[in-house]
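S.K.: What follows is each chain in one-letter form.
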Amino acid sequence: MVQRLKSWWKSLSKLEDQPVPERDPIVNSSLAIPLALSSLLLMLSLVWAFYEEGWGLRPWRVYQDEFQELFVSALEKKKPVSREEEQAILASSGYQELLARLRQAEESRQSDLQSLEQQEQQIRQRLAILTRPFTTARSEIQAKRYEVETASASSRESLARQLDELRQRNYRIEFPDGPQDYTFGELEEEFNALKAEQGHVQQRKVELLRAPARLQRQLNEYVNNRLAGLTEVQLDGLIGEARGQGIYIRQIHNPEINLVDRCESCHLGIREPVTLTADEMGGRRVFVSHPRPELLALHDPETFGCSPCHNGNGVGTVSVTKAHGKYKHWLWPLFAKENFEAGCLQCHQNDRHLRYADTLTAGKDLFQYRGCMGCHPRDGFDTEPRETREVQKQITDLFAEKQAEQLKAERLLNLGDRAATNEEANQLYADAQAVTLDVAAIDARVDQLRVRADELLLEVKKPGPNLKEVRMKLRPEWIPRWIENPQAFRPDTKMPQFRLSPEDVQAVSAFIWQSGVEGPLDRQPQGNAERGRQIVESRGCLGCHSVGEGEQQHGGNFAANLSRVGEKANYDYLVRWVHAPRRRTLPYCPVHARDITPEDYAGQGLPFRFDLEYNRCPLGDHSLQVQNQNVMPSLRLTEQEARDIASYLMTQRHADAQYAPVPFIEDQALFDRGRFLVRHHGCAGCHEIAGLEDEGKIGTDLTLEGSKPIERLDFALLTHDAKKEGWYNHKGFFENKLRNPAVYDQGKIKEPLERLRMPNFHLSKEDIDRLTTFLLGSQESVVPEQYHFNPSDQRADVQAGWVVVKKYNCMGCHEFYAGQPTSLVDLPQYQGDGREKLPPNLIGEGARVNPNWLARFLENPALSREDVHRNGVRPYLDLRMPSFDLSAGEVQKLVKFFQALSRQPLPYLPVPQEPLTDRELVLARGLFTSQAAPCLRCHATGDPRTDQTKTAPNFALVSERLKPDWTRRWIVHPEIISPGTAMPSGLFREEAARWVFALGRVPGLESYPGDHADLVVRYMFQFTPQEQRRLTGR
Amino acid sequence: MDWAQLWEIVSLPDNVPIVALMLLVPFFMWYGLRQSFATDRMIARLEADSKLAKDHHRKFEPYRKGWDQKVHVWPYLLRIELLAAVVVTLILMVWSITLDAPLEEPANPNLTMNPAKAPWYFLGLQEMLVYFDPWIAGVVMPTLIILGLMVIPYADKNPLGNGYYTYKQRKFAILAFCFGFIVLWLAMIFIGTFIRGPGWIWFWPGETWDHHRLVFEVNRDLPEILGITQQPWVGIFGALATGLYAWAAGWVCHRFLVWNDFNKEIYARMTLTHYLIYQFFMITMLSLPVKMVLRLVFRIKYVWVTPWFNV
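Top line first, the protein sequences correspond to chains A and B. As numbered in this note's numbering, residues 394 to 1427 make up the first sequence, in order. As numbered in this note's numbering, residues -8 to 302 make up the second sequence, in order.
Read the hints as simulated data drawn from the structure, not as lab findings. For each residue, glycine too, the CB sits at the ideal point set by N, CA and C. Wrong hints could be hidden among the right ones.
To be verified - Here are some chain B residues pointing at chain A (derived, C-beta under 8 Å):
#	residue
1	Gln26
2	Ala29
3	Val85
4	His203
Isolated chain A (complex conformation):
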């Protein structure tokens, strides 16, 4: 074999050894076959090129062909359904009635219409005969006139003569009823007269048809309003349109945002007015209509296009991969199905809660609640510390400015004293006065900023608890166990797992323990655990917290699961915590950057007292942080209730839990190492820690993380694998990082302190998708500023309000929009009749309540300074609206938020109620107390004997709490405002344009001419305590 190959090669390389042909190959060999063959191939390649040009590079042509066919057949299939529905509507009495009216109107106008049409016909005929000769004559005369106008003096005269001749010429017109002669002037007159008459007749025809046309429109609307889809005629119209569609690139072009989107060249069904599912379109998902037409209605594709929201290469038409941008060179590939809401952030950066974007909103929730924002700066999150710094800086700047202005004023006054003339002096004094006014303005501004600074002290919150209190709060043995692996203790905790060696855990525990403060802690007697359990289940703790483990777990997931609190906590502290969660042991002074001790107070001769009123630093004129920076509110429990709850929580423990002793925890040698580690790992991002209160954030700013060039995302040694496995993109980076934050350290040799610091949050797949969506969307927007959703009207109040609502987890208990889940609604105790015990839903709250009252209520939900252990509005509910100690700014934001949500104007100007006449008073009172009207059966009256059983608010609150127009709507149609409410509907019925009481007889009421609902509303808004006592007979 080898031998043969060798000889073959040899013969191949030595030309002489090859056989010599008989005839000269250069002269005699025919090239016809190779030439023909290659020419043929060349032709074929040309055909191929044409094919590529026509279809290969334009796959959308094939799509459009296919779509037309599928679309038409889908519409055809819809027709019978639509026809059936339409038939039902056509047969309905309403339609028939309208139809009859239409027919009648048409018939009554029949004869008039006919005569008009005849007239019109005649005019048209005459015009047809007249027009041609008239326009010919006119153009001839006009041309001649131009000649005369521009003629030289010599020829003008003869031309003018010719013009005159033309004007005098006779035109004979052959009308059907005989010929007629005209000069040009007469001809023109006749023509204009006919035109005018024609217009007149047409006008009359339109007027005649106006009523039938209106009826026809009503008929069409009648059908359209009742038909779910399109009518058969409309479907036929669509079919015709689809059949007539040519094959071309469908392009959206908006030069303002530099947008060219050709997505609809293939996705042809997106904007069709019918719903197209993949099944209807032969299983081709490319042809379905947009799954969220309501979103398209808000964002007109002609303006917004597709790619600003969905990413992908909108210009691409060459292939699916190219158009979707799923190739190496397109930086922003189409968002995956689970992340598509990322696109919303292009414009909706400021919407903390975004309707239609649940995944994205949940991503933002996670970012906030899981404490991502503790380490990572991100616009719109954890803004308070930054604002605090800005406010402080402004105050300092303004103070310097003020001093300069004051000096200037003094100088001007001095100059004025020494001025030579009176005018000069006056001028200088006037200048000095102007400067003094500036100083006053600065003072006012500084005052405002100081107020804001104080507010910020209240508003700033941390995701984690205050670690200064650990010595009082925790058992030391528990701390290292927790730090080592929080999820092992509590699987769904927010606290992430840091990658610490056992020595590091000891050092961190020792530092945390030793840096804690000590303070007086009252010894608390034991409470009743069973009663505590009942309070936890019923008072509203479960709006945020959950209890029970595994399958038993129930309640909200905003705050910690309480199932093992007993293993970690100190009972005495727990009582204090439950009773007053914001209470600090020592106040913190941001200026001195340390906790203020009783000695500091004593040094100034002041009593050691600090709370929201006594919040000035004894060492200087500035405010103290007097609260713990946690969102947990006070439920205004009695001390006994707090003891009961704490006793119950202390029973929440694993009986077999073993904790090793922790001798190292007091080892002072570990303090420095622990402090270093705590700083290194950014613990102070989420916790308040002694000495580290002003620590900055240690993580990357994530505001624009989604548009970071992919090269700047460090895949480290996984780069190559990522490329091979197809996750070398932002989505892949984020998902892997979130699943295992240490993943990009894999295989690298690093010192412990050089390793990636992000701890492991043990996120579920859904949570990873949510956060990834949020991060992917955190891009530099491709659309210009004016497209961003930064409204300047009430919608801005909504945006600002959601931030507060989310911060305090109001949605754990209250429903803000229809269908919003709360933590409570699924609990067994609120099923069936228990629904009445749920907190009020807040849909339409802005329309319901007086904003001034709402502000008062939010400040103090008990609506009382003395009687605090209750709900101000609904004392009958077990659930209690907690006291959040909101800042004045937050209260205002919430009030504006509710008003804006219900589109109520601000400021609110109550309409004064007309005073009741004596007769009306008697009537209204009679209506109220009548056996037929059940008002007092449910509504509280302030009578402690009967209020125990009442399940509706007290009337005494109405006048200051509610808005009269809403109250009227409520008593007339409660079931519309709040479906399923216990408030009975049908109290009033409509009778001759007024509402009258519908349940039984009230003496004298029948003869009352006014509106009964109005009467009741006016009565309620003029309700006095005396009246109430009178009603209840006390």
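Keeping the supplied structure of chain A fixed, place chain B upon it in accordance with the hints.
M.R.: Chain B only, in chain A's frame:
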């Protein structure tokens, strides 16, 4: 072996011409030389046999007695050229249909691609930047290459070898060309395409182009290695070393020029100008492989360091 990546590099539309080059150049090399050797043998035969030389005028194989001594350009040459034109057009058509020009992402001035590579025909120049300062590799060398190519017809004093394939009669020209084109130009393109990865680091074919790869390469100047650190001694040493190289290279080139009797004959026909031009270009050309070896094998950066220029 990282086959996936090797395939990625080889199949890149940009690199198709280079892959083709790697196959086609050796083939045509062999094809041309086969003809040349056959002709050389025929010349030897004819020179030995004067009788045969009389009726054997066609200077290429195959040949049979009675065939025309010469054939006309039309149609015998042009029809073949037409066929070639059709085939080449066909190849270009298919090529342009199947492989689109790679349009990459929008340029980002803050982010240069890594490795940033010149188009394939300039990759040789880019690779030269590793061995010489930019002003030499990017300005002087390309100018000299063009000038050198222009000078060839004037410097060539060998009258033989026109109109037929021969190796023996143009041994020097062929070898010089093969060295300059294949060894230097093509090899550099090959290195630039397949060997140089991210960071312009040397990756053997099949090694993963890892962006995070770190290599320990300290390049030093020759005087530094020899312990000379002070100017002007460094400059003087460099001048001497470069001069030494020029002398040595000149000597080698001269030996090459007077290799055998045939060459000597050509040498005798050269004027001094011819000779100097020849030496200048040859010495310059030889400096590239020398510098490559110094750099790649001995990690020597510069030989001649002066405050004004480095070589």
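S.K.: Against this structure, judge whether each hint is valid.
M.R.: Hints, verified against the model:
Because the closest C-beta pair between Gln26 (chain B) and chain A is about 7 Å apart, less than 8 Å, the hint holds. Taken as an interface hint, Ala29 (chain B) checks out: its beta carbon lies about 4 Å from the nearest beta carbon of chain A, inside 8 Å. For Val85 (chain B), the interface hint holds, the least distance from its beta-carbon to any beta-carbon of chain A being 6 Å, beneath 8 Å. Evaluation of the His203 (chain B) hint against chain A yields a held restraint, the C-beta minimum of about 7 Å falling below 8 Å.
In summary, this structure violates none of the numbered hints.
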